[in-house]
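Q: Each chain, letter by letter, is given below.
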Amino acid sequence: MVLKARRLWWEHSGIWAVALTLPVLGWAGRFFSGSPPANPVEFLLIQTGEAAVYLLVLTLLISPFRILLPRFEWPRRLAAKRRLLGLSTFAYTGLHFLIYLLDRLDFQAVLEDLTRWFLLSGFLAFGILGVLALTSSNRMIKRLGGRRWRRLHRVVYLAAALAFWHMILKEKHAPWEALVLFGGLSLLEAGRVLHPHLKPRPSGTGSSAPKP
Amino acid sequence: MTWIKTRKRWELPESEVTPESTFWSRRHLLKTATAAALSLGSLPAIAATAGFPTTRNPRFSEEFGGLTPEKLVTGYNNFYEFTTDKEDVAQLAQGWETEPWTLQVEGLVRNPFQMDVNELVREFGIEQRIYRFRCVEAWSMVVPWDGFPLAKLVAKADPLSEAKYLRFVSFMDPENAPGFRNSYYPWPYQEGLRLDEARNELSLMVTGVFGKPLPNQNGAPLRLMVPWKYGFKSIKSIVRIEFVQEMPTTLWSAMAPREYGFYANVNPEVNHPRWSQARERPVGTWFQKIDTLKFNGYEPEVAALYEGMDLSRWY
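Chains as they are written, first to last, in my numbering: chain L, 3 to 214; chain U, 794 to 1108.
Certain hints may be false.
Restraint ranges, calculated between C-beta atoms of paired labels, are given here [unchecked claim]:
#: 1; chain 1: L; residue 1: Arg194; chain 2: U; residue 2: Tyr977; range: 30 to 40 Å
#: 2; chain 1: U; residue 1: Glu892; chain 2: L; residue 2: Ser15; range: 54 to 64 Å
#: 3; chain 1: U; residue 1: Pro971; chain 2: L; residue 2: Gly28; range: 52 to 62 Å
#: 4; chain 1: L; residue 1: Gly28; chain 2: U; residue 2: Gly859; range: 25 to 35 Å
#: 5; chain 1: L; residue 1: Leu116; chain 2: U; residue 2: Glu994; range: 37 to 47 Å
Since the hints were made in silico from the structure, they are not lab data. Don't be surprised by glycine CBs; every beta carbon is placed ideally from N, CA and C.
Construct all of the structure, not just a fragment, from the sequences and the given hints.
A: Below you can see the structure in the form of structure tokens.
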């Protein structure tokens, strides 16, 4: 569907570019402040991980909102930003992964990490998001076709489950944050699935695949 | 490799260290502004002030890779009684009153006693020792602590032959320490040592750090320091020591028995179920992990305590 309506202030790309780089600026600020993080690697791992998880959940919330709030316009407008949000999720995940690799710098240690669910779940989620990022260009959507593209991109829910698990295993204490984030998402997803107005999409011309 | 001394980026020369007066005057400026707003302007009372200045015990004066900057030692703390955020503890613990503070020693002993911490220091005297400090989260520090050997306290209490373990109990003050609201944990914090571990010459009762009374965030006014064990064994702000016959339950072994055992000896060969313990990151460094040493480098002093024990079973 094409919205011919006037662009709202929050739809401008500039605003999104700034908003999505704000976390990085915030961390940089911390490093140049009077009290830089005592354990910079731990700080960056936690921060990039959290940014990635929040972005992932935000990206995934758009569809349930669109279906559960059909009378509102903003979820539909927000849906136009879903690819940008998804790619940003991948960017922060990549940063997270890169810092992890720099911290190991040892192939043997990385292999050993793969034997632990905590680290393996992270690896797998990163891999999935990578595939999704690579197949998110207009050309790839066209090449795969809307239906196949949508089917492939449903693995994002697997990535979300892995990210949730990764976050739970990270905690030495109560994983409240993960439970609230992913619990909320699961509730909305359940609502979306059980929603009486939800009809199966006509095959081929799915609305969830962005228009090339 | 560990013994070749190369200057790490966190090994600041003394000349680059912010003078304490500058540090505190910055702090003070912030604090007086806040205090004026809130009209509660008292500086934190620091309890155990007796015994300073201290002299360094030459037998524990090796600086290993170099002392961790004081600002990091007093600004990066695991103290869940205040918050789980290590860099917020210092601020949240500010203004917490630890004066006066009485330690109670009881249980299977001939001489149970209650004593003010300053009295204890006056009786036993304190000295400075540099110890390596290794957290179970795989970060580490090198810290000059001030304190007295736990063995002196054990001798004073004079345990009965049935006494096999020591139970340490920390404070409980939900009104002044916001972390107690987190009822997920079975407060108060508890730890334990075997009697022979407590008598080991390395076991230190600490009342100071960097030659000054312990700041609140480091476990004022009296904490334990057992450098061959993971940091969580070194219980902070102790109010009671009980001599018991059975192995005491500790907070972490009650919470997650498969991850945190009673012994918790630093051991690169026994991994945490979720992460490796083979290496550690000195606090303040970036990508310069170092190898973790068995018993945190104190093998000669403590290995005999665990002779014949399967350390992967008794983790």
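Q: So, for every hint listed, does it hold in this structure?
A: Hint by hint, here is what the structure shows:
no.: 1; hint: L:Arg194 to U:Tyr977: 30 to 40 Å; result: 32 Å, holds
no.: 2; hint: U:Glu892 to L:Ser15: 54 to 64 Å; result: 59 Å, holds
no.: 3; hint: U:Pro971 to L:Gly28: 52 to 62 Å; result: 24 Å, violated
no.: 4; hint: L:Gly28 to U:Gly859: 25 to 35 Å; result: 31 Å, holds
no.: 5; hint: L:Leu116 to U:Glu994: 37 to 47 Å; result: 42 Å, holds
Comparing the model with each numbered hint stated earlier shows that hint 3 is the single one that does not hold.
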